[in-house]
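Generate coordinates for the entire structure from the input sequences, incorporating the hints supplied.
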Amino acid sequence: MEPKRTPLYEIHRSLKAKFVDFAGWLMPVEYSGVIEEHLRVRTSCGLFDVSHMGEVEVAGPGALDAVQRLITNDMGRIGDGGCQYTLLCRPDGGVVDDCIVYRFSRERFLFIANASNTQKVFEWMRGQVPAASVIDRSGEFAMLAVQGPSSVEVMRPLMEMEPASIKGFHFVEAKIKGAEAVVSRTGYTGEDGFEVYIDPKDAPGVWKAVMDSGARFGMLPVGLGARDTLRLEMGYPLYGHELTDETTPIEAGLNRFVSLDKPDFIGKGAIEAQALKGVEKTLVGFELLEAGVPRAGYEINLKGTKAGFVTSGTLSPVLKKGIGMAYVIPGAKTPGTEIEVIIRKRAVRARVRKTPFYRRKLFEKTV
Amino acid sequence: MDFPKDLKYTREHEWIKVEDDIATVGITDYAQDSLGDVVYVELPQEGATVTKNEPFGVVESVKAVSDLYSPVSGSVVEVNDAVIESPEAINEDPYGDAWMIRIEVGSPDDLGDLITAEEYQRFIEEEK
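Residue numbers (the working numbering), protein chains in the order written: chain A, 1 to 367; chain B, 1 to 128.
Hints listed in this document are in silico derivations from the structure and should not be mistaken for laboratory results. Some clues are possibly wrong.
Computed cross-link-like contacts, PhoX-like style, restricted to lysine-lysine with a CA-CA straight-line distance of at most 20 angstroms [to be verified]: (1) 18(A) with 8(B); (2) 321(A) with 63(B); (3) 16(A) with 128(B); (4) 320(A) with 63(B); (5) 18(A) with 63(B).
Reference listing, derived: stretches of chain A covered by chain B, where coverage requires no fewer than 3 residues with Cβ under 8 angstroms from a Cβ of chain B [stated by the list, open to error]: (6) 26-33; (7) 287-293; (8) 307-321.
We put the beta carbon where it would ideally sit given N, CA and C, even for glycine.
Next comes the structure, spelled out in structure tokens:
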């Protein structure tokens, strides 16, 4: 099947992006280079086309109850205009997807799903709650992410309101350069920033306006390559790597997004049981103590015996060493534990450590 | 993109320069551009034996791992330690500072199927 193109495809081509087929979409993987793009987001700002992400709406009189049944987190904890990170689980606790949910009102919610999961999430939701209340709106949105310490200043000239007044994990319906938009103070990089949802026909104009506004900060377009290294430095999970149908939120260490106080949600019984009983594999971060680059699928050893596997790995552009995440047995999960990553049959020394690998203050803002 | 005419090439994207019976080997401009930022290189030790069309090392970018294939058989007489220290040289100067190994060529017959700059350029156009 021919991969889908976002409304910004021609712009990416004109910027000489390299493309990759990702979840059925032809997406820019890099423009000027992964490391340069990564560091620009850490020190100033970058612009991402993430229009491949899916948008699924749950609406109607019973929407809040339906959402509460679908998600592990508690939508009752936030008000209208708030967003929440959550998981959708199966009855056995396996993760269907991880989403950000936007709460417009008690009767209208928008789930932002991973591109690889949009269809699965849509069908799953329709099977679990009244189907008529679940609508796939993915075709109605282009999505941009403005990320980096200069994001507020980049956005200010484009909005009629003060962008800094949008609090973290909140959103507004506002105009960007005259285009109707949903703008949230969210992101997947660990930096300050905004995610912007617009009509696909407005996407090229908004992209150009943001790039123009960001020019004085040296804003760069950023591809999926740096999106992955940025999220990995923060220890954020990526569906298909750290999260799958066969892993649970407890194994992934995402307990704080699971509200066991809620009367019920799909998967609650299994997750509760697992939280009590303990898990056989735990997601950890690790860093290499020697040169090398860990990659998804590499084996982890503890004192010469197999103890897990790598789910994601890269060379951290900020720390300049190999970092990764892995599922390991309980005996290898404590930060500080020395483990080995098997790279091409060679045992490379590594150490389990807490995530994030990077904290904002490592870098001073540069304009 | 640059493909010096005084070098020979492989369809695995290595370049080779033979002087007397010593072959210097690296990867092409096209290869480094396709890889993106190179962050790690693994090369054989001096004295190691390499075999034509077999992997002799590994180059890793942020995104991916690629094998390096030896254009000829022979023994490694010199390894560029500087490129192991600073793999980014592969992006900056693939035909100069970022040469990888020097091989004492075992058999001149090995050189027969190496391709010219023009042939290599045509090959990558077709591969795209």
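(request) Please work out if residue 16(A) and residue 128(B) have their alpha carbons no farther apart than 20 angstroms. (result) Given pair residue 16(A), residue 128(B) holds - Cα atoms ~15 angstroms apart, limit 20 angstroms.
(request) Verify the coverage statement for the segment 307-321 of chain A against chain B, using a C-beta to C-beta distance below 8 angstroms and requiring 3 or more qualifying residues. (result) holds (count 3)
(request) Quickly compare the C-alpha distance for residue 18(A) and residue 63(B) to 20 angstroms and report which way the hint goes. (result) With a Cα-Cα distance of about 12 angstroms, the restraint between residue 18(A) and residue 63(B) holds, given a limit of 20 angstroms.
(request) Assess, step by step, whether the Cα of residue 18(A) is no farther than 20 angstroms from the Cα of residue 8(B), and give holds or violated. (result) 27 angstroms, violated
(request) Given the hint that residue 321(A) pairs with residue 63(B), test it: the Cα-Cα distance must not exceed 20 angstroms. (result) Holds - the C-alpha atoms of residue 63(B) and residue 321(A) are around 14 angstroms apart, at most 20 angstroms.
(message) Can you confirm whether chain B covers the segment 26-33 of chain A, using C-beta to C-beta distances below 8 angstroms and requiring at least three such residues?
(response) holds (count 3)
(message) Taking 8 angstroms as the Cβ threshold, is the statement that the segment 287-293 of chain A is covered by chain B upheld or broken by the three-residue rule?
(response) That given contact holds, which follows from 3 residues of the segment 287-293 of chain A lying within Cβ reach (below 8 angstroms) of chain B.
(message) Would the hint linking residue 320(A) and residue 63(B) be met if the CA-CA limit is 20 angstroms?
(response) 15 angstroms, holds
Of the numbered hints stated above, the single one contradicted by the structure is hint 1.
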